[in-house]
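Given chain A, put chain B in place with the hints provided.
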Amino acid sequence: MGFTNQTQPTGYAVISCPDFKLQAVVRRVHTTSEPVALVDDTQRQSIILCRNEAAMRFGVETGMKTVQALARSPALQIERPSVPAETAASRLLLETALSWVPGIEETEDGMLTLDLSTQREGEWVDSARRLRGRLYDAGLEAVIGLGETPSLARIAAFAARQRGESFWQLVPERRLEMLDGLPLGVAEIGKELQDRLSLWGVPTLGAFARFSREAVAARLGDEGVELWLRLTGQIRRPLRFAKLEELFEAHEDFEHEVCDREPLLFVVNRFLDQLIVRVARTGRAATAVHVLLTFTNGTCHAHRLALPEPLLDHEILFHLVSGHFDALEWKAPVESLRLRFEPSDPVASQRLLFGAGLRNRFQFEDTMKRLRRLVGSERVGSPRRVNTHRPGAFELVPLPSEIEDAPKSGGPPVTGFTLCRFQGRVRTVVQWQSGRPHRIESRLVSGIVIGVAGPWHVGGDWWHLGKQWQRREWDVELVGKGVYRLVESDEECFIEGRYD
Amino acid sequence: MTGIDKAAALAALRDQLGTKIRSGSDLLRVQRAQEIKASTGLDSLNEHLGGGLPKGQLTEIISERGSCGGGGLVMAAMLSRARREQQYVMLFDVGGSFGAESFPPVDLEALLWVGCTSPGESLEALDIASRDENFGLFLLDWRNCQARDWRGIKSSLWYRILGQLREREIPAVLFAAQSVTSVAKRKLQVSVPVRCGNMDEERKVLWEELAFEAFHVAVKEEEQVFERGEAIAS
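Protein sequences appear in the order of chains A and B. The C-terminal position of the first sequence is numbered 500 in our numbering, with every residue numbered one higher than the one before it. The C-terminal position of the second sequence is numbered 734 in our numbering, with every residue numbered one higher than the one before it.
Honestly, the hints are just simulated from the structure, not real lab data. For clarity, every value in this text was computed on a predicted model and none was experimentally measured. Note that CB positions come from ideal geometry on N, CA and C, so glycine has one too. Treat the hints with caution; some may be incorrect.
[What the hints assert, rightly or not] In silico lysine to aspartate or glutamate, EDC-like type, Cα no more than 16 angstroms apart, as pairs:
id, chain 1, residue 1, chain 2, residue 2
1, A, LYS481, B, GLU564
2, A, LYS65, A, GLU79
3, B, LYS555, B, GLU667
4, A, LYS331, A, ASP260
5, A, LYS481, A, GLU441
6, B, LYS704, B, ASP543
7, A, LYS243, A, GLU105
8, A, LYS369, B, GLU585
9, A, LYS369, B, ASP627
[Stated by the list, open to error] Short derived list, chain A residues pointing at chain B, Cβ under 7 angstroms:
id, residue
10, ASN360
11, PRO383
12, CYS420
13, ALA453
14, TYR499
[What the hints assert, rightly or not] Facing chain B, from chain A, some residues (calculated, C-beta under 7 angstroms):
id, residue
15, ARG359
16, ARG370
17, PRO413
18, THR415
19, ASP475
20, GLY482
Just chain A, same shape as in the assembly (with noise of 0.2 angstroms):
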């Protein structure tokens, strides 16, 4: 019994939005019952670039003198285009749809091109019509398209664009079917070859697809032979995914020099708002904060905060950059602020579903960066023994975030008691006797020797020139005054702990 390899469908959606200068100018300018039109005024006379279908009501069209459309509708609202407004228009629309699937392409102004890849066939229509609900109750109207191709999914969305709808799918099995219902201009071929093929007498683009492409390419050339191979959905260009670690990121160039924390903080809180909001649109959490600091000495500090798991807690964050910032010493006032997250991996964790470990890792790393300023980092961690027969050697790894169950059999029983090593060498002046270890003298215990186990020699690093050592240890019990563990080595006698 095993898995089944079954071949996952490909799909892809292109979302468009129609008139997308002037819906990121004016939000929802489809559903309004004001005429808006966006204008173009740079050349000599001012012209409609595009209006509203309630504009259109009032025969605003596209290419039409301002004054022109200002006589036809007195009330209608000019806008002009703003680059900042596209700008913030396009994040939010990538941001909306990077919530349906990870690989989304800005194929253009106000369009995207979604590889479906990674969701269920069953479960594209509705995603589909979700995302153009939020898109909506984001304030931008938006046609989705769905096909087997980047390119038939294109033809999809101008489609349902051309028939008043919101969404058409592209149904690989009746494709030539639904293709016939679609006019030649749907697929935006160019004048010439529409006119030719409209004398011809192929009105639809579901009968252009059904010639051979010998014949296509024998009367129309290249051109006739690509429209053809999109068609058939023989086209499947690479889609060049967006970059999510350049989306979220907020900047700021300060017109006066930031001296204090308290102004930067004010600024890092408002940054962390705008970009909690979005990560959180596209279904992800931070696992890490990018700060980049640019002083007014021309120097910078940047760092990558690691989050222990994916987050979008505001006061988590806010702790975070605040801590980093106490912490900085500034040698310049603070000219410009860049904030960015790093988002995480949409895909679910199931950890400690079942299994125990940290309760709280925001907490733990806030324990561990506090303990580690108090004592220092190289003094907090979970000790391990490492591979060698040095004494008192052991490593500090970080302490898992998962405890495993502990294993029935630990290998041979422990015996003996732990050993409380003393700080630093504890110089001991031995008498001998036969041999052995008579009496012992020391700062910390002193007296005549009753028992002795040993001698174990120990040595090691004998390989590496200049650092090879050995020793002799003995456990020596002492009147009244337990056991203790002494030790000879080539310059001296010490005891290194007691037996407790």
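Positioned in the frame of chain A, the structure of chain B alone reads:
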């Protein structure tokens, strides 16, 4: 009214009120019975502690320097128990007395070691750590410390830590060679003969040989407080 009359009147009043008013000692006993306990991994120690380590309290394990010892063995038992129960343990090691070779590797997996230079520093570290709910047990190893090392520690620090431990119901154990603080709820002296002859015995056997003796200092003080309160109330 003479003293005898007063006592008789008080006794009569108590009889009238029946069980509605309880003495401070009774309240203490009830409180002890209701305490949440964490098992130490040693039956004999659990017995002496009335079921286990009181959560949210500090317990002192005193292992005097002499022919007997056992503090390290108790620590090993607690570590082992916590590992079995998949609980994180934080050890504040003053003076580098910790040796990884004394503990089974598996028991070290859930241990966080904090190396401190002085008892004061270890208490400051505990002050930080006791606000963390991730740990199930805090161990302070002061076995290598002298009374002069902790003399300067303010009692307010002890009480603040105790408050934090109570809030999160985490037990803390202080291993020392002598009694340290009156803040400790329980003080037990541990002893097991440490001889060259029993160095090769299995740890389990040594654990069974551990003997505990209660220090009643903290308990007595508390009872006195209750009795004093009762006297004032009456």
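Item to check | Those earlier numbered hints the structure runs against, lowest number first | outcome: 8
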